Structure formats: C-alpha cells, structure tokens
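Which chain is which? The protein sequence lines are A and B, in order.
First residue of the first sequence: 1, per the numbering used here; consecutive thereafter.
First residue of the second sequence: 1, per the numbering used here; consecutive thereafter.
Hints in this document: simulated from the structure, not taken from any laboratory.
It is possible that part of the hints are untrue.
[Said to hold, decoys possible] With a straight-line Cα cutoff of 25 Å, these simulated DSS-like cross-link-like pairs (lysine-lysine) come out:
#1 A:Lys9 / B:Lys117
#2 B:Lys12 / A:Lys87
#3 B:Lys13 / A:Lys94
#4 B:Lys137 / B:Lys117
#5 B:Lys137 / A:Lys94
#6 B:Lys95 / A:Lys132
#7 B:Lys29 / A:Lys229
#8 B:Lys103 / A:Lys94
#9 B:Lys13 / A:Lys87
#10 A:Lys356 / B:Lys95
#11 B:Lys13 / A:Lys80
#12 A:Lys94 / B:Lys12
#13 A:Lys9 / B:Lys103
#14 A:Lys87 / B:Lys29
#15 A:Lys80 / B:Lys166
#16 A:Lys80 / B:Lys29
#17 A:Lys229 / B:Lys386
#18 A:Lys9 / B:Lys95
#19 B:Lys12 / A:Lys80
For clarity, every value in this text was computed on a predicted model and none was experimentally measured.
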Amino acid sequence: MSGVNVMEKERTLIVNPLKTCQPLGAMYAVMGVHHALPMVHGSQGCSTFVRYNFARHFREPAEIAVSSLHEDAAVFGGRKNINAGIKNLALRFKPDLIGAITTCSSEIIGDDVFGFVDTTKKELKTMSEDVKGLDKIEVIPIPTPSFVGNHFTGYDVGVKSLVEALAEPGEPTEKVNIIPGIVNPGDIREIKHIMALMGIEGLILTDTSDPFDSPLRPSVTPTRPYFPKGGTTVDKIRDSANSQGTITLCKYAESSATSLEKKHDVPAIIESPPIGLQNTDQFLRNLKKLTDCDVPESILDERGVLVDLIADNAARYLFDKKVAIYGDPDITTGMARFVGELGMEPTMVCTGANSKTFTPDMEKISKETGTDIDVLFEQDMRSFEVYVNENPVDIMIGPSDGRLLAQDLGIPLIRVGFPVYDRIGYHRHPIVGYNGGMRLMELITNAVLEKYYEPTHWKLQQ
Amino acid sequence: MEPVIETFESRKKHMCVKGEGLSIPVCDKASLPGTVTQRTCVFGGARIVLMPITDSIHLVHGPIGCAACTWDIRGSKSSREELYKKGCSTDLQEKDIVFGGEKKLFETVLELYNIYKPGAIFVYATCVSGVIGDDIKAVCKKSEDLTGCRVIPVQSEGFQDHNKTKGHWIGGDALLDYVIGTKEPEETTPFDINIVGEFNVAGDLWGIKPLLEEMGVNIISTISGDSHADEIAQAHRAKLNIVQCQKSSNYVARKMEKKYGIPFIKVNFFGLEQTTNSLREIADFFGDEEMIDRTEKIIERELMGVEDETQEYRERLEGKTVALYVGGNKAWSLVRAFEEVGMDVMMSGTKNGIKEDYERIKETVRDGTIIVDDANSTELARLLKKYKPNLLISGAKEKYISLKLGIPFCDFNHDRISAFAGFKGFVSFAKEVDASVSSPVFNLASKTLSKVSKTPKVGGDENAS
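Whenever a hint applies, use it, and build me the whole structure from the sequences.
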C-alpha cells in the first residue's frame, strides 16, 4: 500500500523560496478587475518588485500604485499617505475600483486601513462635486500583512475582500462563479472555452486573462491613463451573490466561495484545478451538477483527443519515469495527479505553502497512482535540491526558479506555474482542461524524447 | 510656458527643457502617494550594490517577500562563485513580530554558515526588522565571533527614505565599516587600483578588465561586480579608485579618499570617446611613460575595425531619437555613446537623481533635451506618446509600457543580455540598439488592415491619441 512521507523543514532559514508574501496575491486578484488598480500601502519596493515579477512572467505592464510609506509614517502612522494616495489615484485614473492592499509595515505601525478608507471615501464624495464620478469609485481595503501566510493566502484574502465588499443579493442568475487561483491567461481562457461549449456563462473572480495578455495596438491602446482591456467588472462582482454556484479551481484559496455560500446561499464546490483527465472530468461534473447542463459532444471529443494522445505515447515513452514537482500547492496537486494518469511516478512534491489539506490530498493521489510520494511540506528550493541530489528523478516540473538546478543535474524541466521568466508563451497556453492536458503531455513527452532517447533512435519515428 | 506634459501641479516642476531657465528639474523629493512609481525602496538600493559580491550570502531579515521578489534578479555575472544568486530569508512570522526576530536571525546565520561556508554573510535590514527594533548589528557581531566568518549588517530598512540612492550609500557603508581595510594584500604594486561602481552586468567588467591589465594596471578589487569579499577587504591599498557608476558609488570613493587618501577619477566605459578618454586619464594619473605608450597602442588597436563593424548599424540609426529613463548614472554616461551611433538623445531622466546628478545631465545633453525626474508610469507613457522617440532605454518595468505604445525599447538595466562596456561592448551596443530600433514589427503594428500597406512611422501611429 502506497502512502506519503511528509518531510518538513528542519531549519529556520529559507533558501530560494517557493512562496512570497501576501500582498503579491492580493495585487494579482485586483489586476483581474476591470478598470481597477491595486494600491499598496507600504514601501515603494513592495509595489516595484512585484511589478517587476509580473512583468517578467507575463511580459505585460502592471500598473500598481503605492502609498510610498517613509520613516515619518513609522512614527506618525500612514494615514496621510493612504489618504493622499487614494485621492491622487482617483483623480488621475478615475478607476472603477481601488484595492487598498496593506503590507507588513502598515500593519505593524497599526494603520486602521478600514477606517482610513472610510474617511477617504467621504472626502471623495465631497470632491465629486467638482470632479464628477469620484464618489462612484469603489475603494476596498485588503488586509494582507506580509508576515502571515503567503502569496496564495494573499490571493484568497484579495478575492474574498472584493467579494464580501461588493456582492449584493438581487435577481438569481444562471451564471457560475469561478475562482481560478493564481493561474495564467491561457488557463482562464480555457475555462471560459469549456464553459462556452457547455452553454454556461462564467463569472470569473477575478479575470486576469486579458489584463495580463493584451494586444499591442498602438492606436487604440488607451494611455490617458493606461488600463488594459478586460477584467471582471465591478457590477459582475456585485452579481456574484446571485449565481447558481461557485466552483474554485484552487482548493487552498477557497474562502470567497465559502463566504458566498454562507452569506448569499450560493453553493460552493471546492476543488483542485482541472489539470489532467480526472480533474477536468470532475470540473465538468461540477458544472453539470450546478447548472444541469449536459456535457456536449465537442467537449467529449476534446477529451477523446487527449486520451488518444496519451494512449499513443505514454506507455511507450513515459511509463515509470520519476517526476519531482514543486510550486504552488494547487498546481502541484493537479500536476501530481496528471503525471500519475500518464503512468509516470510523482515520487516527490514540494510546496512552500502550508495549506492544511495538502497532505491528505497527496495521500489520495498516492493511493490512486500506486506511488509512494515524498511530500516536502512548507519547504524551499534548497530542500528540493538536496532531495533530488539524493533521490534522482527523470523530470522536474515547476516554475523557472528550478532552471539552474535542472541544468546542473541534467534533468529536463517542464515549466509550469509562476514565475516562468526564461521561456516565452507559457502564460498564454493553458495547463487546465483537456486542451491544457494536451499541451502538458506534449511538453513532457518531447522533453523525455530529447533527453532520454538517441536523436537517431528508431523509436522516435513512431 | 507650456508644461512638458500634463500632470499634477506639484509634479510639473520635476520636468524641464535644457536651455530654458535653470535647466535642472526639482528632484530628490518623496514621490506622490498613489502614483505608479518607477522607484524602489532603500533596501532594494542596498541590495543591488552588494549583490554582485559572488562568494557571499545575502540574507534578508524580513518577511519572505523582500527576499522572494529580489533574489537572482541582477544580471551581474560571475566568473567563479554562484552563492550570491541564492535567495535567503529569515521569513519573519507574526510571532517574530511580537517577540522580536533576533534569535531567529542568529539561528539563520549559523545555519547559512554551516551549509555554505561563504566569504561573507550580508544581513539586510527591512522595514519590518526596523520597526520591531531588532539589533542586527549585535546579532552579526555575535555570530561573527562564533563562526569566524564575516557577518555584515546592512542597515537598509526599506522605508527610511524616498530615494534608493540612500540604499546605495548604506550598502557602501557596510563595505567601508566592515570589509575594506580588514585584510592586507600579499603584494602591492605602484599601479594598484579598484574599479568602483562596476557591477559586471552582462559581463561589462570583462570588457574593461583585459584592457586595464594590458595597460599594466593591477586591479585589487572590483566594487562589487564579480568580486569576493576578501578582495574588497584589501581595497584600501589601492593607489587609485576609478568610478564607473558615479550615481551609486561616488559616495564610497569619496569616503575612501578621506579615510585612506586614495584619489579617484570618474570614468565611463560606454562609448568609444568615453572609453578612450577614461583609459588615457588612468594612464596619465600614473604618469608612467611606458604605460602611456601601451595605452595609446591599445586604443589604436581596439578602435581599428570598430568603425567598420558598426557602420551598418550607424547608417540605420542616423538621426533617430532616443529617450533615456534610468536609475541615475546612465542618464549622462550613455549620451555620448548614442551620439556616436548617430542618435539624438531627446530626453534624459532618472528615477532617483539628486541635484549633482542633474548637473551632470545638464552639462552633457544638448539644448532642447527634456530632463525628467521621478516620472511615474502615467507620466512616462505621456512623455513617450507626446514626443515619440524612436527608442526608450530603461529597465524591465518600463519595457512593456513602452512596447505597448509601439515605441521600441532596449534594456540597459539588470536584464540586459550583452555587455556594452569597452570597445567590443560598443559594437554589441550598436548592434542591440539597431536591433531594437530597426525591428520590422513596429512597421507592422498599425491599427487597421487597410493601413498596413502604407509605411507607418516607426515609433507609433500618428493617429494615436
């Protein structure tokens, strides 16, 4: 009977982290709102380095404002900065929404962001007598101290803050809310594609697909001020209280779904991301359960093409290959299950987060795949490195941060998750859904062929 | 007078045109809260000047994000160790905020020492460690006593200033207080120098070092590109400091002059004329006839061929305009290099310039050049749209703002691929600039299919609004 062996960090130090702090996740969530801007209440580095990280992964501009806290704020509080910050941002951008995201410093100095935002909103109302529309701007406080949780919980808090502040009961709709998690534009587009084939209107909380993958059209690119296309509108977020249900594609960032269920009776289905066959099957079953819509032939054909692709190649090239997976908790569980479906062995998964149900979920996958899985829980890339040095694997799956290790060890790296900055196109292609499965299957198989087969080997021909 | 662009009243004075009045913008002020600033924090400033020390561990004492978002992001190359690329953090948690993080820091430093036995451990203070009042100095001292490894406090609390220049100085102070002068060189020569403010981005140092060595100069240390802590420790025995990045490193050079009596000269290895002048100035400083002869021969040899090798690029670039928006130094040090490839610098700006920086810019640029301080993303976009340069030189955050407007972009920051310093670097520079400006894609970016057949202007559609 196979099982999991949980290995926790045996040191205080973190080397080459597999997580970052909460504000990044909250910024990501706000970037997915139409005509919205995150405003970080903290030091300039808190916005700048995140913008840098978004830019190198998505290769897109990321407009994130900052209240620019300096030393005087540590003494006198940051009220002046956040107040002026929101007003300046409102005047210049006239956004639909501002997410006021706290950081470590603003939390420690005890800034009451909720109170400050209330006061500022009143001022915006007064100002709207001169500048029309300022009173219509939603300003949402998002408390994300950096010394609690990680970017993933920050994402959770971000989406939850938006939903709790905005969701309004009204006429029930046929929509289904989707909480995508920290994913790529390609993933959200694939989810929309699936839902469109099912005839279901999705309400994505929040939709970063267009903001983080927008066209270059100089003559129509709005620059005064710059807002990317797309994103979920504030009105749609309001309407999320009236949907038929909510499905999370991120099991470990579920609190907005549970909140909608508790407060507005919107049934919540909390599930891992639809990576691979069974997870995508489950996603479709969940959609059907909520809406009573049938799975159309077109989707079954897509499934069939993926099954065909696996049948054609997996047994021949992938069987028994050992895989080490690292990254965000949801993507790693999804990937572990998928490589199991390919007949590979997910011998190790490593995550930097401490999501409570991660280990039990890996136990299920271990039983299903018949593989003993070493679970590096709340760990870093250093632990990953030590592990794969002692326990050789054939393939690594995870973000670009493993690239130097992969190179040193001569192990192919399949780039998945955030951040991927040393290859292009990874944000545009899905890893979710049957189409995402095809993409992954191709990436993995081609990497195996390249590394483990002679270029002239007859096996490569068919 | 018409403002350079429309912006907030308080920001208008941060932009000017050379030749009109003072020609120096208001600068070194806190950014307006609520703007999308292109600046960073003091911690970031300190980290980038020290990170290129390759045999050292750079430990960030703060919540995970300060390390997670900044490790291995500086394109400084190493010829030896790779330790500097590791992202190390104490990962401060809520309980550490309540009870203090000193114990955790101490444990972390010991663990790092045991795993890596590094040349030094630099411990960076962050906003959090500053607010909770951790005594980083004491912990560093204690762990240094215990391990015998250099453990160096860097007092870089992120929020302590609006200007990351202060971070550069704090990084410099860490070297001045704890590293420089702590080791004696085995032997000295009359021609010992340090290269200060050269961070070996994309291997720039390697374009300069062979030339200097051929001249007969002995390089004790580079501060801090491709260096080891032990080498910087011997820097006090140099007879001369040459300063490349004068934005970040004049501070260190001045302090070394005061403390050790080492004179310094400002050099610039971007561009042919600047490289030539810099080499000559170094040779003249030593006044050694043989060295002066050798230097002239090197210059003659290196210049030969450069003209041919760059001719094609120069032909295409002739008359094209370029806007510089950089951290500081490059706002003046690149101007001549661009003129040498035939381009016209129509705007020069910095994110963190102080008054002396803008004096330098003013001296260097021609009349009519727009000079900009701390332009935030909206202002940068407006400048680009209004003045339509053929190229923007800046960093990763600005790259996609510019490209989205159809303005060609060339990275001159950490993410640069080719070395641009020295004679060979100039050829790469001309090539890369040409590749950006002359990329066919910008002729194909116009808005309707019917317009594609016409020849749209490079640098954005005329109808853009």
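Here is what the structure says about each hint:
no. : hint                : in the structure
1   : A:Lys9 / B:Lys117   : holds, 20 Å
2   : B:Lys12 / A:Lys87   : holds, 18 Å
3   : B:Lys13 / A:Lys94   : holds, 24 Å
4   : B:Lys137 / B:Lys117 : holds, 20 Å
5   : B:Lys137 / A:Lys94  : violated, 46 Å
6   : B:Lys95 / A:Lys132  : violated, 46 Å
7   : B:Lys29 / A:Lys229  : violated, 33 Å
8   : B:Lys103 / A:Lys94  : violated, 47 Å
9   : B:Lys13 / A:Lys87   : holds, 21 Å
10  : A:Lys356 / B:Lys95  : holds, 19 Å
11  : B:Lys13 / A:Lys80   : holds, 23 Å
12  : A:Lys94 / B:Lys12   : holds, 20 Å
13  : A:Lys9 / B:Lys103   : holds, 18 Å
14  : A:Lys87 / B:Lys29   : holds, 19 Å
15  : A:Lys80 / B:Lys166  : holds, 23 Å
16  : A:Lys80 / B:Lys29   : holds, 16 Å
17  : A:Lys229 / B:Lys386 : holds, 22 Å
18  : A:Lys9 / B:Lys95    : holds, 18 Å
19  : B:Lys12 / A:Lys80   : holds, 22 Å
The structure does not agree with the numbered hints 5, 6, 7, 8 stated previously, though it agrees with the rest.
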